[in-house]
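First to last, the sequence lines map onto chains B and H. Take the first sequence: its letters are residues 1 to 488, numbered as in this note's numbering. Take the second sequence: its letters are residues 1 to 488, numbered as in this note's numbering.
By construction, these hints were calculated from the structure, which means they are not laboratory data. Among the hints, erroneous ones may be present.
Same chains, same label: a pair holds when it works inside one copy or across any pair of copies.
[Said to hold, decoys possible] No more than 25 Å apart at the CA atoms, straight line, and that leaves these computed lysine-lysine pairs for BS3-like:
1. Lys327 / Lys142
2. Lys32 / Lys17
3. Lys466 / Lys476
4. Lys466 / Lys448
5. Lys67 / Lys448
For clarity, every value in this text was computed on a predicted model and none was experimentally measured.
Chain by chain, the residues:
Protein chains: 2
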Amino acid sequence: MKQETEEQQDFVKDITKMSDDFDRWYTDVVRKAELADWSGVRGMMVVRPYGWAMWEAITRAFDDMIKESGHENWAFPLLIPRSYLMKEAEHVEGFAPEVAWVTRAGGDMEELEEPLAVRPTSETIIGALIKRYIQSHRDLPKLTNQWNSVVRWEMRSRLFLRSREFWWQEGHTFHASGQEAMDETQLILDYYRSIAEDWLAVPVLSGKKSPAETFPGAVYTLTVEGLMRDGLALQMGTSHYFGQNFARAYDISFSNTENERELCHSTSWGISTRLVGALVMAHGDDSGLLVPPKVAPIQVVVVPIFRDAESRSKVEGFIDGWARQLKAAGIRHRIDWRDERPGDKYAHWELKGVPLRLNVGARDVDAGQVELVDRLSRERRPLPVTGIADRLQTELTAYQSKLFARAQEFQRQNTFELSTLDEVVAHFRERAGFVWATWCGDAECEAKIKAAAGGVTIRTLDPDEKATGKCLVCGKPAKYRVSLAKAY
Amino acid sequence: MKQETEEQQDFVKDITKMSDDFDRWYTDVVRKAELADWSGVRGMMVVRPYGWAMWEAITRAFDDMIKESGHENWAFPLLIPRSYLMKEAEHVEGFAPEVAWVTRAGGDMEELEEPLAVRPTSETIIGALIKRYIQSHRDLPKLTNQWNSVVRWEMRSRLFLRSREFWWQEGHTFHASGQEAMDETQLILDYYRSIAEDWLAVPVLSGKKSPAETFPGAVYTLTVEGLMRDGLALQMGTSHYFGQNFARAYDISFSNTENERELCHSTSWGISTRLVGALVMAHGDDSGLLVPPKVAPIQVVVVPIFRDAESRSKVEGFIDGWARQLKAAGIRHRIDWRDERPGDKYAHWELKGVPLRLNVGARDVDAGQVELVDRLSRERRPLPVTGIADRLQTELTAYQSKLFARAQEFQRQNTFELSTLDEVVAHFRERAGFVWATWCGDAECEAKIKAAAGGVTIRTLDPDEKATGKCLVCGKPAKYRVSLAKAY
Numbered sequence: 001m002k003q004e005t006e007e008q009q010d011f012v013k014d015i016t017k018m019s020d021d022f023d024r025w026y027t028d029v030v031r032k033a034e035l036a037d038w039s040g041v042r043g044m045m046v047v048r049p050y051g052w053a054m055w056e057a058i059t060r061a062f063d064d065m066i067k068e069s070g071h072e073n074w075a076f077p078l079l080i081p082r083s084y085l086m087k088e089a090e091h092v093e094g095f096a097p098e099v100a101w102v103t104r105a106g107g108d109m110e111e112l113e114e115p116l117a118v119r120p121t122s123e124t125i126i127g128a129l130i131k132r133y134i135q136s137h138r139d140l141p142k143l144t145n146q147w148n149s150v151v152r153w154e155m156r157s158r159l160f161l162r163s164r165e166f167w168w169q170e171g172h173t174f175h176a177s178g179q180e181a182m183d184e185t186q187l188i189l190d191y192y193r194s195i196a197e198d199w200l201a202v203p204v205l206s207g208k209k210s211p212a213e214t215f216p217g218a219v220y221t222l223t224v225e226g227l228m229r230d231g232l233a234l235q236m237g238t239s240h241y242f243g244q245n246f247a248r249a250y251d252i253s254f255s256n257t258e259n260e261r262e263l264c265h266s267t268s269w270g271i272s273t274r275l276v277g278a279l280v281m282a283h284g285d286d287s288g289l290l291v292p293p294k295v296a297p298i299q300v301v302v303v304p305i306f307r308d309a310e311s312r313s314k315v316e317g318f319i320d321g322w323a324r325q326l327k328a329a330g331i332r333h334r335i336d337w338r339d340e341r342p343g344d345k346y347a348h349w350e351l352k353g354v355p356l357r358l359n360v361g362a363r364d365v366d367a368g369q370v371e372l373v374d375r376l377s378r379e380r381r382p383l384p385v386t387g388i389a390d391r392l393q394t395e396l397t398a399y400q401s402k403l404f405a406r407a408q409e410f411q412r413q414n415t416f417e418l419s420t421l422d423e424v425v426a427h428f429r430e431r432a433g434f435v436w437a438t439w440c441g442d443a444e445c446e447a448k449i450k451a452a453a454g455g456v457t458i459r460t461l462d463p464d465e466k467a468t469g470k471c472l473v474c475g476k477p478a479k480y481r482v483s484l485a486k487a488y
Numbered sequence: 001m002k003q004e005t006e007e008q009q010d011f012v013k014d015i016t017k018m019s020d021d022f023d024r025w026y027t028d029v030v031r032k033a034e035l036a037d038w039s040g041v042r043g044m045m046v047v048r049p050y051g052w053a054m055w056e057a058i059t060r061a062f063d064d065m066i067k068e069s070g071h072e073n074w075a076f077p078l079l080i081p082r083s084y085l086m087k088e089a090e091h092v093e094g095f096a097p098e099v100a101w102v103t104r105a106g107g108d109m110e111e112l113e114e115p116l117a118v119r120p121t122s123e124t125i126i127g128a129l130i131k132r133y134i135q136s137h138r139d140l141p142k143l144t145n146q147w148n149s150v151v152r153w154e155m156r157s158r159l160f161l162r163s164r165e166f167w168w169q170e171g172h173t174f175h176a177s178g179q180e181a182m183d184e185t186q187l188i189l190d191y192y193r194s195i196a197e198d199w200l201a202v203p204v205l206s207g208k209k210s211p212a213e214t215f216p217g218a219v220y221t222l223t224v225e226g227l228m229r230d231g232l233a234l235q236m237g238t239s240h241y242f243g244q245n246f247a248r249a250y251d252i253s254f255s256n257t258e259n260e261r262e263l264c265h266s267t268s269w270g271i272s273t274r275l276v277g278a279l280v281m282a283h284g285d286d287s288g289l290l291v292p293p294k295v296a297p298i299q300v301v302v303v304p305i306f307r308d309a310e311s312r313s314k315v316e317g318f319i320d321g322w323a324r325q326l327k328a329a330g331i332r333h334r335i336d337w338r339d340e341r342p343g344d345k346y347a348h349w350e351l352k353g354v355p356l357r358l359n360v361g362a363r364d365v366d367a368g369q370v371e372l373v374d375r376l377s378r379e380r381r382p383l384p385v386t387g388i389a390d391r392l393q394t395e396l397t398a399y400q401s402k403l404f405a406r407a408q409e410f411q412r413q414n415t416f417e418l419s420t421l422d423e424v425v426a427h428f429r430e431r432a433g434f435v436w437a438t439w440c441g442d443a444e445c446e447a448k449i450k451a452a453a454g455g456v457t458i459r460t461l462d463p464d465e466k467a468t469g470k471c472l473v474c475g476k477p478a479k480y481r482v483s484l485a486k487a488y
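With the rest of the complex left out, here is chain B:
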């Protein structure tokens, strides 16, 4: 085995370089790292185990958060009668272009009396159902969630980011007061920020959406937005406050403490498998993925190195000696005994973005250590096997922090302050990133930004700072400090 030579080369082959073509790089990595593929059914993807395991880690984390604060999981029907969908005008207008319709069923493919929508989101069916379970103020708040997939008939497809089916959670909550519902909307946004930053190691901007970007039927929408390595923003989760819009359309009311009927105030919110795309695009490099340890299906890979049966047996006995400690400590690991050359294995696990690799050869056995290589620095360091599980836990925690710090630094370097539309247009002609500017709040000015700067949109309204100065477009007094970006 030509071990030395291989170890010195760049291991990953056959993926487009990120710097050459980010979009092709993304698709190459998603497919070759075995996260997902197109399915043969137009616009619909198949998520493979390595990608699905990341989503499972996210679902577990978020499910724990919402259960801790009293939310409960339900299962609402997949198919929604057309008449339910029609009740909230703005909502139906927003979703109608994306709906897939079940029109026939049974042995003779008989036509249904009423077409059924494959849910694009469930506000309407939940609205129609939940009123059964809400009579009195004592039944509130009603904090519902479900884990499911939804179908939206998108025309432009992109694995994880935009496909005709995606997997998500959708929370729908009902409250006795507007304030309580607004607090809920914010609570969930905080959870989403935690999922993005603490779990996916992606720093986010958060805040309200502009009216043009608000969810159909909502009073306002809150969002968390991450920055991908091509400088484009990605919406990573949204939380909507509906006021009484849906309660009015579906007659969801309760008797208050004075025994009068009142309409509920409601919210909805979701994160989806899009987050797997986010972690690819926020951390990847020319060699492939870098997966944050907290959501990594494999946190540590062990690559045994040997020349003959004797050294193999020596290395195997050594690894057996401590591998069960990793299992006992809950470290997700894999020992790669496949019949391949070490260099090919290194390339394979680098492409898949496994945070830590342990190379173990006969000399390591003699020294009672392994060679630790992390995916980010790629430096080789000896790691004693005494107390190896604890040491690896420490390394994984440090690695998670380093990935986050790197992404924060990237975000910092790609965030700018500009004052006029001309500056914004010039900026986005040259580069991308987040641009902070001030805006009067007028929809016309918002449309002008989008038109002039090639699709640049307002991503968030800064929740913390009152705007001073003038609107970047019309020059009138500004109402909001806003972040602008090109987005997926």
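Using the hints provided, position chain H relative to the given structure of chain B.
Quick look at chain H alone, frame taken from chain B:
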């Protein structure tokens, strides 16, 4: 508060008695214990949190089992092109009458070129896809699973047991040899038996299905069947061996060690939300549910009893003193501070089948104890609060065993040995249960049993015993010892 009187009465009102009308009892319990409801969309149910939490406990248990043995979760598309479905003749014939079809999509509800089935099960789409990921014998076995919902256009609906949408896992595996695939089919059946018996406390018969009851496209089907309290059998999980049928239809092949192409051998298997219906019908009584602790959303409910603010405060301080121990021990519990009378609370939690109830009044505080009532015996026993978490764990384990023992005893008392069709017909005219008999293996005789005994079917072929004697119908030498029952 008229505490004494209330405690002496039968707490649960407003559900039909099991002995009066089992079917109405079932629906009453499922709805009033807040497990599920019909949704307003014909034949489709909504699963409420208390029911869904039971399903989540089952999914967690089973997911752990299959992951431990190397199975991986995927997400395959919801919609399946008609042409995919058509490739395996027996399979399409079996499912065609139950398919819901998406025929239109998008803003103008434009007609699709090819109708898409809402998956009734995923053999066909997985068959069409998986061949990409199987090249060589080194890619085998391929052990896939997914958690999802499926749609089957059933005409007769019943909550959990038969609805147009249900939630399940579907495993689909691909192997290099028939033996390995058959071993897989059996391994999963053993898991299903464990879910039924160790988790749901429902003893099951297991074995092969007769050809008439075999899954469309399978070589054979294995099943686990439980006995409900009305004496009817319920199929609680099935595991199918396909031989090379699906591999042939979808061209799923691999190069073997001699570098020749060979067709894979495949399996599929599933358990569904039907299991929630099973635990209702296998353990319930006139007062409602009895939920096995292992899947109980609430294992212990605490009912504080007090007359005035002073005694309330005393009781509250006492409960606060040890309640966090329950949380730390992972005991799923609820302290019922609702503004209701104790008797109404008892009724509520009995209906919901919470295994253990702790009544806590002022005198209990003085004695440093609580009053323990289990849902099965309803006997009141003092339980010291010293080490209460450990004591409750012991009680929960014992309760799980008692429920299982009771169900075993019920099964034993409702299992019979008969020799002739006349006896079978006479038996099922009077009562239900499992009947063991011997059968020649002929489909005609099987059909005669069903016709003569009012829908009685062969549930399992005994895997352990070779049949001796004669076929109960034709009198020719018997090939199989079979269990017969009326079934859901």
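Results for each hint:
Taking identical chains as interchangeable, the C-alpha atoms of Lys327 and Lys142 lie at most 25 Å apart only when they sit on different chains, with a minimum of 23 Å there against 40 Å within one chain. With identical chains, the CA atoms of Lys32 and Lys17 are at most 25 Å apart within one copy only, with a shortest distance of 13 Å there and 60 Å across copies. Proximity of Lys466 and Lys476 under a CA criterion of 25 Å is satisfied intra-copy only: 15 Å inside one chain copy versus 92 Å between copies. Taking the shortest alpha-carbon separations for Lys466 and Lys448, only the intra-copy value of 23 Å comes in at or below 25 Å, while the best inter-copy value is 82 Å.
For the homomeric pair Lys67 and Lys448, neither the shortest alpha-carbon distance inside one copy (43 Å) nor that between copies (53 Å) is at most 25 Å.
Of the numbered hints stated above, the single one contradicted by the structure is hint 5.
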